[in-house]
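Novice: Sequence:
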Amino acid sequence: MRKSERGQVGLVGEYAVLSALILNGFNAARTDGNSKDIDILCMNSEFSKMTKVQVKTEGPDTFYQKNKKSLPHYAFHVSTSEKYRTNYRQIILDQEIYFVFYLCPQTPMALEAKPFDRNRTYGRFFVASPEEVVRQLDFQAEHSNCKYLYFRVFEEVDDFCRRIGGDMMSDFENRWDKLRG
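Remember, the working numbering sits 210 above the position in the sequence shown when you count from 1.
Bear in mind the hints are in silico, worked out from the structure with no lab data behind them.
Values in this document were obtained by computation on a predicted structure and should not be read as measured data.
None of the hints are false.
DSBU-like cross-link-like pairs, simulated, lysine-lysine; straight-line CA separation at most 35 Å: (1) K246 to K388; (2) K357 to K388; (3) K293 to K259; (4) K262 to K293; (5) K388 to K259; (6) K246 to K357; (7) K388 to K293; (8) K357 to K262; (9) K293 to K246.
Start from the sequences, fold in the hints, and give me the full structure.
Specialist: Rendered as structure tokens:
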């Protein structure tokens, strides 16, 4: 995917999350690129709590798959190892940035390649606290030589996924109350 396409996918995700927040009773606004690590500011309906949100989006054809028969393992790129080691962990924890990971709707071509994934024709939202994101990044930094660090969620499979540092979809999907604190 070209850089310009990735930027557009990112914008799609930000607007999708903004819409979902408003529909879930939040007062929310995009920061329009004025803040490096914060995409959306939202407040609860009583205006008593403000939450900073970082949106990470994966495109309609993107997910990790070992073979065509395996269940999906969705990976959202969060940071490079180099950026993470220097300051990203502290930014997440100190600024209390919450993450909403948005999976774009699947394209017809992607559905053709993944027949088991036909019911994923709509966007999906996964809400994670700073601590949950850092826990998963810590695991990867310790157990992987990969240059990129990802937040990963799996389709419901078995306990093996948890043992290798991943979390099930149901652990994070549509947890908008997490942002109300």
